[in-house]
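Visitor: The residues making up each chain are set out below.
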Amino acid sequence: MSDVQGIDIADLNVWFGQGPERVDAVQSVSFTVDKGASVGLVGESGSGKSTILRAITGLAGSWSGSMMVGGEKLGRKRSKAFYNKVQMVFQDPYASLHPRHSVDQVLSETLSLHGLKDIDRRIIKLLDDVGLGTAFRFRYPHQLSGGQRQRVAIARALASEPSILLLDEPTSALDVSVQAEILNLLSDLRDERGLTYLMVSHNLAVVGHLCESVLVMQNGQIVELLSIEDLRAQQASHPYTQQLLKSSLGFVRDVPRQT
Amino acid sequence: MKTLLDVENLSVTFPTRSGSFEAVRGVSFSLGQERLGIVGESGSGKSLTGRAILRLIRPPGKLQATAMRLEGDDLLAMSDRQMRAVRGRRISMVMQDPKFSLNPVMRVGEQIVEAYRQSSGGGRKERKQRALAMLESVAIRDPERVFNAYPHEMSGGMGQRIMIAMMLIPDPRILIADEPTSALDVTVQMQVLNIMDKLVSERGMGLIFISHDLNLVSSFCDRVLIMYAGRVVESCRADQLYDAKHPYTRGLLNSLPRLDAPRDRLAVLKRDPSWREPLAAQIPTSGMPDE
Amino acid sequence: MSVSLGEWLNDESPTSRSQARFSSIYHGWIEFKANRLALLGLIILIVLVLVAAFAPLLSPHDPFEQNLANRLAPLGTDGHVFGTDSLGRDILSRLIYGSRITLYIVGLVALIAPVAGLFIGTVAGYIGGWVDIVLMRFTDIFLAFPRLVLALAFVAALGAGIENAVLAIALTAWPPYARIARAETLSIRRSDYISAVKLQGAGALRIITRHIWPLCIASLVVRITLDMAGIILAAAGLGFLGLGARPPSPEWGAMIAEGRRFILDFWWVATIPGIAIFIVSLAFNLLGDGLRDLLDPKSGGAS
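These protein sequence lines map, in sequence, to chains R, Y and W.
Note that our numbering has the first sequence beginning at 1, numbered continuously upward.
Note that our numbering has the second sequence beginning at 1001, numbered continuously upward.
Note that our numbering has the third sequence beginning at 2001, numbered continuously upward.
Everything labelled a hint here was simulated from the structure, so no lab data went into it.
Given the structure is predicted, the values throughout are model-derived calculations rather than measurements.
It is possible that some hints are incorrect.
As the list claims (entries may be wrong) - With a cut-off of at most 20 Å between alpha-carbon atoms, the simulated EDC-like pairs for lysine to aspartate or glutamate come out as follows:
hint, chain 1, residue 1, chain 2, residue 2
1, R, Lys85, R, Asp34
2, R, Lys246, Y, Asp1142
3, Y, Lys1270, R, Asp188
4, R, Lys246, Y, Asp1260
5, R, Lys246, Y, Asp1239
6, R, Lys246, Y, Glu1071
Stated by the list, open to error - Okay, the calculated bits of chain W under chain R, using three or more residues with CB under 8 Å as the criterion:
hint, segment
7, 2013 to 2019
8, 2186 to 2197
9, 2211 to 2224
Where is the CB? At the ideal position from N, CA and C, for every residue including glycine.
Kindly generate the complete structure, drawing on both the sequences and the hints.
Guide: Right under this line is the structure:
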């Protein structure tokens, strides 16, 4: 059995709508993430990879199966204690910050929602941890670049000092140089705090950089579990994974070039 | 090699509260029958360069250039009406998201037929035949069904292939593709690129491929311009992109995570203010194809 | 360590909550100021407020003082710039005192209708399900009646008088606000920043009041200022029909109603308050247009 402090998902189904309009986004998915491990979820848009994260956090439609996360068996509702342990970073930093709330407001509200004291000191510490510094404390989102916004979003997710971070394409909206900064930040934070990561991405190189193993999803199902060594060695058994690996290398011409 | 497009000293400026902001500054290049990639990060001016070629800079933005010639015709001297004739007929543009480029309340087929009607005329029947043939040529398996479908019934990849099909109807000399595949899944992305690639090599078109994806550009294009802060900082053969000289290009390449070369930490790009200044060395304005 | 006020306001990295707030207000003001017409609207309204505040000092006569010997005096008569009405009361003085009533109406309606609409709309939009259905059908019932007719019914039930007129207008004015607030809420509630705050364990009440309201208020404020003209006209309409302000109250609509009898021979009696209503309505519209450019949440905030 896996470590109960991590993530243990068994036979998870997630669906939206009812009757003829029912869409099965995730179908009998099972996987585990050990405490302190980092696992990637890759697949195309609509493959259900983000839906799994949303189901864990209680944001997504109806589900069946069993989910053990952070030592807690999840029911219909999430407890406050659950959100202390599990947090999420969203894909688009331009959409995940309230446009009229300053960095200070975002962080102080988050801290007070978790019932933490000593808010002033914690805000300064959080900003420092994500490499922003206090100069950014009273800025509004429109005064921040994409990378700075994502740092604020990470600071917000870290506010309750969770042990598990769910990362939903945390760098796909960013430029490559900023992506490198955020990926470095994420691996530093993991080392410092012993975080467990479950990261969704469509970019195999990004997943390969941060994670130790990769779950490949297609049409709501997990088709393959790959260790990072196999991924780097381009050794995949499922044809879909092979196709993903091939396209991650760049463009390959179908036919020999004319002229 | 025949030069299709010649751009000299192009700049685009926007007035701001504190003076004017130069989004594109002194960009020069020429395009032959080749795949020219323009890479850069957001705000580097790569998309504006593409739009500027078609003179699609919205006021209060201002476009200036020493020269901008399409097969010898001066694009700067053209009236708005002549420019409209150039857009679509001689230079076509494919945008990032097909959702915003297709008319949502018109069937796909009608839109293609309409494009044919504007470009070449011909009878109704003939136009439909040509539209169906065109859909087939962009690897759409069931052209008849797609012909009668509405844009929202299409997937992203399908929509993008239809857009490319439509852009190619008037047989343009140049196709400008602005991040044409970044909204698509990787597997579909390859399909779309292959179609563009084939059309370009078969028709002898010039392709300007604007993208932020270094990997993709280096494997897909013949030649690459790297833009930073509105300037072209480096220009090189695409297959030699990984040997690029400029520190900015090197920095970008080093910051990419790579499956074949794992690292504990990614190199972080340190921006040097001097990159914003014009290059002392002359950028070669025309590259050689790799044969 | 002396910093000028301008530098303090323009500081890119403010050092306190209040500095950040002032600086964001200041930048909004700079942007607003660039719109000349909106600024004109604001100035007119400020003048209106000042006139109302200092009415006793500004008005040359008692607005209720009758002088039948000098009735229906034309414009420019000595001591009566805008002439006198059918009872010989000074029209200018009545206009000045009437501005108080106009502001009273506008203020009360602006206090009741948008708040009610905001509350109903955001709750319906955020909670959804049967709550949404019940609240929105209730809204539809109100929307289905012509506003003035519904207001007439209320006034008939509650009795004529300025307070009842205001109440009636407010009761008929909220449904559009509820609709707007609900539409905004529907687009906001699925956004990532709402999901993010849910993940901090925030409840529905907190999300609605702290996160959704600030974004809805912008479009509501715009809508209110644009509606103000209509509200003034509705109040004037009720006054004109004799169901709003009672004589001898110098309410502008009631003044027009009085002047109606002499409109052919003594045109100014009805026209002057008409022009006043027109100017104030126009000012609200101009201001609303300016605020719309400034506050539109889709433009990403004042930047």
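Visitor: Give a verdict on every hint.
Guide: Against the structure, the hints:
1. R/Lys85 x R/Asp34: Holds - the C-alpha atoms of aspartate 34 of chain R and lysine 85 of chain R are around 15 Å apart, at most 20 Å.
2. R/Lys246 x Y/Asp1142: violated, 27 Å
3. Y/Lys1270 x R/Asp188: holds, 19 Å
4. R/Lys246 x Y/Asp1260: This hinted pair holds, its Cα atoms lying about 13 Å apart.
5. R/Lys246 x Y/Asp1239: OK: lysine 246 of chain R and aspartate 1239 of chain Y at ~18 Å, within 20 Å.
6. R/Lys246 x Y/Glu1071: violated, 38 Å
7. 2013 to 2019: holds (count 6)
8. 2186 to 2197: holds (count 6)
9. 2211 to 2224: holds (count 3)
The structure shown violates the earlier hints numbered 2 and 6.
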